[in-house]
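Quick note, the sequences are listed as chains A and B, same order. Residues 1 to 311 (our numbering) are what the first sequence spells out, left to right. Residues 1001 to 1360 (our numbering) are what the second sequence spells out, left to right.
Just to be clear, a hint being listed does not mean it is correct.
[As the list claims (entries may be wrong)] Part of the chain A face toward chain B, derived, beta carbon under 8 Å:
| hint | residue |
| --- | --- |
| 1 | G105 |
| 2 | A185 |
| 3 | F274 |
[What the hints assert, rightly or not] Negatives, chain A to chain B, calculated, CB over 12 Å:
| hint | residue |
| --- | --- |
| 4 | A71 |
| 5 | V86 |
| 6 | Q118 |
| 7 | L120 |
| 8 | F133 |
| 9 | W154 |
| 10 | H161 |
| 11 | A226 |
| 12 | L263 |
| 13 | E273 |
| 14 | L275 |
For the record, the hints were derived by calculation from the structure and aren't laboratory data. For glycine and all other residues, C-beta sits at the position ideal for the given N, C-alpha and C.
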Amino acid sequence: MSVEAIATALIAAAILTSMPLMLAAVGEAIAERAGLLNLGIEGSMLCAGFASFWLTLKTDSVTLGLLIGAAVGLAIGLVFGTLATVLNANQVVLGLGVTLAGTGGTAFLFREVYGSDQPLLSGGPGRPFEGWFDWLPVIGPAIGDQRWFVFVAWFMVLAGHLFLVRTPSGLQLRAAGESPFGLEAVGGNVTMVRIGAAAIGGVFYGFGGAALAVVELGFFSPGSTAGAGFLAVALAMLGRLSPLRVALFTLAFGLLTGLDIGLQIAGVDARPEFLRMLPYAGIVIGLVALGRGVRMPRALGQAYGGISSRR
Amino acid sequence: MNAVPVTSGERTRHDTPGADTALASLLESLLAIALAIAIAGLILIIAGHDPLNVFSQLVDRTLLRSAGLEEVLVRTTPLLLAGLAVLIAAKAGLWNIGVDGQVLVGAIAAAVVGAWLVDASRPVLWAGAMLAAIVGGAVWTIVPALLRAFWEINEIVTTIMFNYIAISMTAWLVKGPLRDQTLVAPQTPLIPPELRFVGLGDTRVHIGLVFAVAIWIAASFWLHRSVAGLEVRAVGESPRAARHAMIPVTVVLAVALVASGGLAGVVGGNDVLSTKGTFQAEWYPGYGLSAFALVFLARRHVLALLPAALFLGMLAYGADVMPRAAGIHSAFFALFEGILLIVLAAFRWRPWRRKSGGHR
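Please take these sequences and the hints and turn them into a complete structure.
Structure (structure tokens):
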């Protein structure tokens, strides 16, 4: 294989493998902007992934599978948002609970439904733009030959970004995280805005989990997210909660993760376990480098007790 | 913020919801367990199992047979220590989600030092390996602790990242530099069974439980009867107030998180010196999230940790026996713990209590 072909393959793989993670991280960025720190992404993604795998296997329709994944994410997001606002639940405890229940629940359900089988999906979403960008060296085919859902994912990121920074609802959402008392003072409803943000975040995690199962992997197995939900929290923070920046960081992270294969092709002698540490260490170093500049929403992680509770 | 702990007869300073009396907390925990059982039972019915049979089998296998009870106590030991690790950080207002990574590093340190001390006497081996475990867990927490204390970089994210780094690093070490070439599987040299923790009487329960309970008692005194413990709790309640009281907040935060990591390291040391005898690649016990279920089931009371650890120890052993006893996959128990955590998180809502201004 020529160097260009290897580079194209690595970039194409990075775009595909970082896409579910990107959706989750952008969803987390949106939820955190509204003041909700959701550590339940991992569990939400697994539930959505299982549901979408199950329906795709049953109906043979990837679209239906992705949609049920989003619906499951939405439902979990609504539960998270409601418990975290109406019931003042501690967000960290709640999120860890969702992750634990989702991890255990999907493993339990998977065994109940499929026993010890590991069914696989045949095919996957189509590649509508195959060959369109071949005039662009290296990155042209890497982008153009992606499955259609990858384009949908990037469109969602862009839409999420514009919603957050350019619409009145987006402003309300950010106010719920930055200054909930201010939002209530001007007539907003902090509880409803936060539940809405949790629901939007949930749709993103749902699509992310579903895409991991039916677009990227072509199967679901217990724990197949392998920590993507927690990585999403870190990447959201690294991208300073701006959806576009988060998406670009996630793509860079995907390239870094693919590097271990690239290095092995290039003949570098290093154990894969050693190389696998590097992306995570890279995130910590990134947080240190950028971390002092990160300003999180002032009310992040705090339950809102209503304007009467202002001290 | 969350509940202020109450020792017997002591009133909380704030009228915070959560711990007016120890009795109310106990009732809340029992109610949470009952709710979680109800929800999990519903899921079992939907999945086509008989929940009454499942839960009665669980109690029978874990509590009503002496062999089951011994196994429950064996599994209670690491859970009690892991819960203590999470609790000490939580008392300082920190979230140590990196317990799993600290356990791995503590375990590999204990396995290496323990195998190195096989010619020494048993107490020397135990002390050396345990010390290595504490140092390993603590060292693994230094970077997140310093970043949190001095640069206010969120410890949730850094401790989670250090989990993943620990998984890959220990796997790399045990497959590479630290591997015992005489063994087939990638693992550190075996510590012979006669040098490991001795059993209590004729049971499977080993002396690690005694050590864990001793550490638990010492930690209770440290948290509630020492100046350092008071400082930790003060920082956890209100860093700003603590700063006004001339408490060195950054130092306290760093020390609390490192101490938490050291305790988590002990969990790994206990597992190596008792049941494992070695550190194997791909070994991932995953105590971290269970430890959170434990701490919040105990409503963050240090004294309630032991009964809560016994309950989770029962679930942990249940996950081992129930697949054979009732055809229930072990993942069901992770689901149950998750439901329990969600219910416990939602228990900050107390419609029956007068709303006190100013909690947020």
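- prompt: Looking at the structure, which of the earlier hints fail to hold?
  reply: Those not satisfied are hints 2, 5, 11, 13 and 14.
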